[in-house]
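Protein chains in written order, with our numbering: chain A, 1 to 276; chain B, 1 to 362; chain C, 1 to 313.
Just so you know, these hints were derived from the structure itself, not from any lab.
Warning: the hint list may mix true and false statements.
Among the chain B residues that face chain A by a calculated CB cut under 7 angstroms, a handful are [unchecked claim]:
| # | residue |
| --- | --- |
| 1 | Lys73 |
| 2 | Met79 |
| 3 | Ala85 |
| 4 | Tyr87 |
| 5 | Pro88 |
| 6 | Asn102 |
| 7 | Pro106 |
| 8 | Tyr267 |
| 9 | Ser270 |
| 10 | Gly272 |
| 11 | Pro276 |
Ideal placement from N, C-alpha and C gives every residue a C-beta, glycine not left out.
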Amino acid sequence: MIFTALVVFLGGTIWTIVYSFTNSKLLPRLRFVGLDQYDRLWSTPRWLASIENLFIYGILSLILSLLIGFILAALLDQKIRFEDTFRTIFLYPFALSFIVTGLVWQWLLNPDFGVQSVVRSLGWDSFTFNPLYDQRIVIYGLLIAGLWQGTGLVMCLMLAGLRGIDEDIWKAARVDGIPMWKTYLFIVVPMMRPVFITTLVIIASGIVRLYDLVVAQTSGGPGHASEVPAKYVYDYMFAAQNLGQGFAASTMMLLSVVIVVVPWAYLEFGGRDRRV
Amino acid sequence: MASVSIRNLDLSFGDVKVLQNLNLEIEEGEFLVLLGSSGCGKSTLLNCIAGLLDITDGQIFINDHNVTWEQPKDRGIGMVFQSYALYPQMTVEGNLAFGLKNARVPRDEITKRIKETAELLHIEPLLKRKPAQLSGGQRQRVAIGRALVRDVDIFLFDEPLSNLDAKLRAELRVEIKRLHQQLDSNTMIYVTHDQIEAMTLADRIAIMRGGAVQQLAAPHTIYDKPLNKYVAGFIGSPSINFLDGTIEAGTNPVFVAGDSRIGLNRYEFSNGGTMPEKATFGMRPEHVAVGEQASGQPFTAEISIEVVEPMGADTLVWSHLGGQEFRFRIDGQTKLSSGEKVIIGFDPARASLFDADTELRL
Amino acid sequence: MSNPATLAVTAAGADAAAGMMSDPRGARPRKILSRRNIFIYGTLTVVALYYLLPLYVMVVTSLKGMPEIRVGNVFAPPLEITFEPWVKAWAKACTGLNCDGLSRGFWNSVRITVPSVIISIAIASINGYALANWRFKGANLFFTILIVGAFIPYQVMIYPVVIILRELGVYGTLTGLVIVHTIFGMPINTLLFRNYFASVPEELFKAARVDGAGFWGIYFRIMMPMSLPIFVVAMIIQVTGIWNDFLFGVVYTKPETYPMTVQLNNIVNSVQGVKEYNVNMAATIITGLVPLLVYFISGKLFVRGIAAGAVKG
């Protein structure tokens, strides 16, 4: 059964890559056109916008979720009371689907009833925060929702990493008179490098697949301002009936994931297996 | 002048009292070992001295300076941990320098101190390496170096050898002893559960149990004159024989266990001679003589041998005396076999006698 | 046992007290409102409020009537509590095609999730068990592929799977979606079980073999009872993953077989008619309820589950 899954995975992937070199429209057809689909892909403004969006979203999401996740984990690691309560609160959004996340934030950021109108009703009449209907900042609207959903996971991974640090290291640093922020920055964070790398890969591969959130929260709009590659793929495959384009776009997605994951998998598992 | 002085120290975690009304005076240049089984509070006490744990009540003085509320770095201590606690991404040199840099010690002073420390511990060739490239013994040397380089008066060791294998442990034990002799004005406080480490290293041993010091004395005193039954049983390997019995008081007091009557004329009572009825008689296996050597002893008895455990240099023999299990240690050359009957003897003056109820030395 | 937190908490107190008392004894005076504590708890509380806000707004909105929503703001508690939106979301909300509410999607999701979870865990655990005890050539390569496979974006596989499902005649049916979920849940779950079973001491297998247990005997009588936690972890991953899935649902089902997430999105984002925000929010809560329940009930096992399942698509 696991082999069946592998055959489907590998076979399906290869099939898609092969057909990305064809001019399949409504139905897959083996009429090869070389790199035409890729040429067209990279000259389509919508695809370029998708890539740009993914880039902005991806980089900010990586940095912010690692930063916030680590800070929250470090705060929770201070032997505080109510640790479980706080952790439960920070993590619950992760249990929710991106669809639910997107819809909630769509409502919260609604310009007529949400955050903007509330701030205005408090007396700040000129306050403008309308990410869902403003092409320039719509991606930040997605980012807010994405961070809300995913930071809890990063926090949990970081907390596990922090708990894995030898207690004696903390004691040694205290006896040495090293201030706490320096201990974190120069000793603990470098020690947690594997945790950071794993977390990074997990977040990054999630970002490439970003789809549901966009569909639910903005439907790619306004205009094409919040389009992302995964949505491009779906739309071309199942709505625009231009399979070749969809295959080419999905192959590009695969490529980006391979670039992120393979070096990591090699480091992480290649090394470990040799020891076994 | 005491180098470290602990007065009326209490420590509780919530309702659990970990240390209770603990008093301890440690002389300058002394090597004090805190010995006890796990959970006795020895490491906790060390952490309190280091300032890594907040005490609930009491005071701690270091060099007559009240440090009860001082930060660890301001207490003039260096500490060595069981897990070494080296900073993994720094070189050995970096590990030694990190604390000094933070204390804003001038650069050439840092270089000088690292050089001296490395020479003292024979780790000069390792300075450019990272901890992962070192063996366990080398790591622990570096960890000791990190404490040394701080140029402090008090060294705290928290089970530093427990993660090493037996051979390395013996090597580093000698090394630490040599170090203490070289730095003779430095006070060392050393936590361990290993009685051999304690006996070989210590000027004085504090045996701890349940958050309190059971006995604080030189190693041989603890071995010869344990203050209570717990200490007697804890120190010594193979452990001491305990015979439960009664005392027939009088001008010639006698300890009676089953059919054995052991005269106590030669025993030095430390409590002024009040004798309880029930008592426990402790005799170390290595103080029992066998065969011809037994005949000159004040007490002799005939026993039958049950199990013989040859251990090379000597042999441990299991038998019964006064109806209770009794072991003794003989020279490895002496051949005995199970079922054989032999005469054993010992001198009650070398025994330890405890009140059966209070378990205190009589 | 010591911890930088407690230590530094007292540091602030010590500084404050050092000047006042010349003969310190006893515990360092702790100030509950030290700057440090204010910082830690303050930050955590603010962040916690930010995290709770959407949940609060969802609940509040779903209990208001539309007129009240139009005049008030999203944060205001309802003046008049009404459960009408909930009823409507469940039974009457329109997706653009039909108007029988979320209930259809809910039952579809149940009929998808239950068999998918059971089948995929049964298969994955047996696979994992077999792989853990069966060292074959190229095992390392195999597991590396498995892990990388877990990262492959589904987008490159969805179309070929459409073709396969069409060939099997199950495209657009619940059965088809169950098959898809089972196959796509396979790598991560197999890996999970394999790693767990591999950590079981080999002596246990040997002992069981000596005692005459076979492949299935060892699996059912020894491995399964002792690995209950990992089964729960796998269940958490699968239930939340499958329930929350949107992509497979939208690709492989038809309107009458849509799972809940797809239907919810259609209800909320349908362009027809007046937007009923209260009904939308009620529908959103109802959809999120199952994974939330799983989360709150499973507690710490959930944390273990996400650490393992985070790599899953």
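Do the hints match the structure? See the list:
no. : hint   : result
1   : Lys73  : holds, 3 angstroms
2   : Met79  : holds, 5 angstroms
3   : Ala85  : holds, 4 angstroms
4   : Tyr87  : holds, 5 angstroms
5   : Pro88  : holds, 6 angstroms
6   : Asn102 : holds, 5 angstroms
7   : Pro106 : violated, 16 angstroms
8   : Tyr267 : violated, 47 angstroms
9   : Ser270 : violated, 41 angstroms
10  : Gly272 : violated, 46 angstroms
11  : Pro276 : violated, 46 angstroms
In summary, the numbered hints that this structure violates are 7, 8, 9, 10 and 11.
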